[in-house]
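Each residue of the sequence shown is one higher than the one before, starting from 1 at the first, in the UniProt record's numbering.
Simulated from the structure, these hints should not be mistaken for lab results. Using N, Cα and C, we set each Cβ at its ideal position, and we do this for glycine too. Treat each hint with caution, since some may be false.
[What the hints assert, rightly or not] DSBU-like mimics (lysine-lysine), calculated; alpha carbons at most 35 Å apart, straight line:
{"id": "1", "residue 1": "Lys-197", "residue 2": "Lys-374"}
{"id": "2", "residue 1": "Lys-197", "residue 2": "Lys-361"}
{"id": "3", "residue 1": "Lys-350", "residue 2": "Lys-236"}
{"id": "4", "residue 1": "Lys-311", "residue 2": "Lys-350"}
{"id": "5", "residue 1": "Lys-350", "residue 2": "Lys-67"}
{"id": "6", "residue 1": "Lys-197", "residue 2": "Lys-236"}
{"id": "7", "residue 1": "Lys-251", "residue 2": "Lys-236"}
{"id": "8", "residue 1": "Lys-67", "residue 2": "Lys-236"}
{"id": "9", "residue 1": "Lys-67", "residue 2": "Lys-197"}
{"id": "10", "residue 1": "Lys-133", "residue 2": "Lys-361"}
{"id": "11", "residue 1": "Lys-311", "residue 2": "Lys-226"}
{"id": "12", "residue 1": "Lys-251", "residue 2": "Lys-311"}
{"id": "13", "residue 1": "Lys-251", "residue 2": "Lys-350"}
{"id": "14", "residue 1": "Lys-374", "residue 2": "Lys-133"}
{"id": "15", "residue 1": "Lys-311", "residue 2": "Lys-468"}
{"id": "16", "residue 1": "Lys-374", "residue 2": "Lys-311"}
{"id": "17", "residue 1": "Lys-133", "residue 2": "Lys-226"}
{"id": "18", "residue 1": "Lys-236", "residue 2": "Lys-311"}
{"id": "19", "residue 1": "Lys-374", "residue 2": "Lys-361"}
{"id": "20", "residue 1": "Lys-468", "residue 2": "Lys-374"}
{"id": "21", "residue 1": "Lys-133", "residue 2": "Lys-236"}
{"id": "22", "residue 1": "Lys-251", "residue 2": "Lys-226"}
{"id": "23", "residue 1": "Lys-226", "residue 2": "Lys-236"}
{"id": "24", "residue 1": "Lys-361", "residue 2": "Lys-350"}
{"id": "25", "residue 1": "Lys-133", "residue 2": "Lys-311"}
[Stated by the list, open to error] Distance ranges between label pairs, derived from CB positions:
{"id": "26", "residue 1": "Asp-473", "residue 2": "Ser-363", "range": "28 to 36 Å"}
{"id": "27", "residue 1": "Gly-279", "residue 2": "Trp-210", "range": "30 to 38 Å"}
{"id": "28", "residue 1": "Gly-146", "residue 2": "His-365", "range": "33 to 41 Å"}
{"id": "29", "residue 1": "Gly-146", "residue 2": "Ser-212", "range": "52 to 60 Å"}
{"id": "30", "residue 1": "Ser-375", "residue 2": "Asp-51", "range": "47 to 55 Å"}
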Amino acid sequence: MLNSPSGNPHEDFIVKGLIEQQLAAALEVLQANGTVPADIRPAISVSRTRDSSHGDFASNLAMMLAKPAGRAPRDIAHALIDALPGADAIREVVIAGPGFINFFQVDEAQNAVVATVLSQADAFGRSQTGAGKRVQVEFVSANPTGPLHVGHGRGAALGATIANLMEAVGFDVQREYYVNDAGRQMDILNSILDDIKQDLGEFGVHYDRWFSERSLTDDVTRVVDKLEASGHLYEKDGVRWFRSTDFGDDKDRAVVRANGQSTYFASDIAYIDNKLERGFDQVLYVFGADHHGYTARMVAACQALGHSREKLEFLLIQFAILFRSGERVQMSTRSGSFVTIRELRDEVGKDAARFFYVMRKYSQHLDFDLDLAKSQSNDNPVYYVQYAYARICSVMRQLDQRQLVFDQAAGLAAIGRLSETSETELMTLLATYPDLIARAALAHEPHQLTGYLRDLANGLHSYYNAHKVLVEDDELRNARLCLLLAVQQVLGNGLTLIGVSTPEVM
1 MLNSPSGNPH
11 EDFIVKGLIE
21 QQLAAALEVL
31 QANGTVPADI
41 RPAISVSRTR
51 DSSHGDFASN
61 LAMMLAKPAG
71 RAPRDIAHAL
81 IDALPGADAI
91 REVVIAGPGF
101 INFFQVDEAQ
111 NAVVATVLSQ
121 ADAFGRSQTG
131 AGKRVQVEFV
141 SANPTGPLHV
151 GHGRGAALGA
161 TIANLMEAVG
171 FDVQREYYVN
181 DAGRQMDILN
191 SILDDIKQDL
201 GEFGVHYDRW
211 FSERSLTDDV
221 TRVVDKLEAS
231 GHLYEKDGVR
241 WFRSTDFGDD
251 KDRAVVRANG
261 QSTYFASDIA
271 YIDNKLERGF
281 DQVLYVFGAD
291 HHGYTARMVA
301 ACQALGHSRE
311 KLEFLLIQFA
321 ILFRSGERVQ
331 MSTRSGSFVT
341 IRELRDEVGK
351 DAARFFYVMR
361 KYSQHLDFDL
371 DLAKSQSNDN
381 PVYYVQYAYA
391 RICSVMRQLD
401 QRQLVFDQAA
411 GLAAIGRLSE
421 TSETELMTLL
431 ATYPDLIARA
441 ALAHEPHQLT
451 GYLRDLANGL
461 HSYYNAHKVL
471 VEDDELRNAR
481 LCLLLAVQQV
491 LGNGLTLIGV
501 STPEVM
């Protein structure tokens, strides 16, 4: 019987690693008896369910095996369940829908999440998924010729949050801003750049390195010579061209003009080489959607220099459109009638701006409702989440005012008394948080986290409105307070990753 922990502190209590081991053992049985071809090696995936009535975990393994086995997914699911070894932590396994296998864990395992959250505190949700891998995230990198506008704001919020998420799951992350300062008057440039640094700093965005394009002079010469030596350049009409079409680009690109001056693209090639020579395993560019036609030539340069194309990844961010009083705010950088990050922050506040910017997937347009962002209502998502955090602070103040004492050890010992549906739903949500952070980090999708925080806040508000927390029963009161404090901890952990504050009073 498999009943040993997986070794991962997060997976131990949610039993995910155990289920993966069970499914792997069952698959071996099916391959041995000929039900499933012996030469396939599917990636076994187990994830937390969002609805506890469907079980605590689910796997689509049967659906993955159906086609190579030539059998219906539900038939494969039945065979897998019959071949599963027993496990003390699992009380029931069922088939759902077209062939999902859902696992219900014993209550003790689910209840353990509260103790785990409280003991791990700020570390809860963090992991070593990306340990040993160095990643650079470049974002914003606007030309320092004027103030940052709301489009840059979305790139700043997304880039900073993605970097935070990746760091939370173990990646060694460097945040970098590329300063286009070549050939510019440095005294004027520095004054503008100081304004940009101040705007980003007040927006909660900080960089590990501000990289100067001017520092690439020697690198440009080196990479041009390197491309020449490898046969990737040719000369026409006095201009030296990079054969980027050899790598899938739609046309070749000039790297040295007829007057002998290198092009901006030559600097970009040198910058790519400089990054990868620094030993990053992955280089992530957070660009605006207007850079769509630029990525192919950068990939071509990467490959021509002998680097793996997979090391470059581009997130192309769609535009943010502001609305006030139901009307679109007209903006045009060409006419100069645009809203700056500073103006947006002054109007709605840093917290609302940071949260709203990452609520939608980066590839989707964002309609930013200024009136909603300023409202103190349940319809305002950042207010709703922050209020859930502050509401728990209020409960603890009420505890002191009533001269009651919170006993965490007694509450954890009595955690099994939390049998209300809303209580088990909250515990299920808490247990999904580590997996959620890993998924959001690896997919570079902060909106998964904002959606989760809204769900957790909704669960807290619904529970608080339906059940009294500060009951006379000491044991039950302490157990409920443990649950609330665990919810508060996870809300705080998630908001911190987004760059949003955790007010204790609202």
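Range hint 33 to 41 Å (beta carbons of Gly-146 and His-365) holds or violated: The hinted range 33 to 41 Å is violated for Gly-146 and His-365, with Cβ atoms some 24 Å apart.
Restraint check for Lys-67 with Lys-236, where alpha carbons must lie at most 35 Å apart: With a Cα-Cα distance of about 54 Å, the restraint between Lys-67 and Lys-236 is violated, given a limit of 35 Å.
Pair hint Lys-236 and Lys-311, alpha-carbon separation not exceeding 35 Å: holds, 32 Å
Asp-473 versus Ser-363 beta-carbon gap, inside 28 to 36 Å or not: Cβ of Asp-473 to Cβ of Ser-363: about 51 Å, so the range 28 to 36 Å is violated.
Pair hint Lys-197 and Lys-236, alpha-carbon separation not exceeding 35 Å: violated, 42 Å
Agreement of Lys-133 and Lys-361 with the hint, judged by alpha carbon distance not exceeding 35 Å: Holds - the C-alpha atoms of Lys-361 and Lys-133 are around 25 Å apart, at most 35 Å.
Supplied distance hint 47 to 55 Å, evaluated on CB atoms of Ser-375 and Asp-51: violated, 30 Å
Restraint status (C-alpha distance of Lys-350 to Lys-236 at most 35 Å): violated, 52 Å
Given hint Lys-236 paired with Lys-251 - CA-CA distance at most 35 Å: Holds, at roughly 14 Å.
Proposed proximity, Lys-361 with Lys-374 (alpha carbon, max 35 Å): holds, 22 Å
Proposed proximity, Lys-374 with Lys-197 (alpha carbon, max 35 Å): Holds, at about 25 Å.
Satisfaction of hint between Lys-350 and Lys-311, Cα-Cα up to 35 Å: Holds: Lys-311 and Lys-350 sit about 33 Å apart, inside 35 Å.
Hint violations for this structure: numbers 3, 5, 6, 8, 9, 13, 14, 15, 16, 21, 26, 27, 28, 29 and 30, all remaining hints satisfied.
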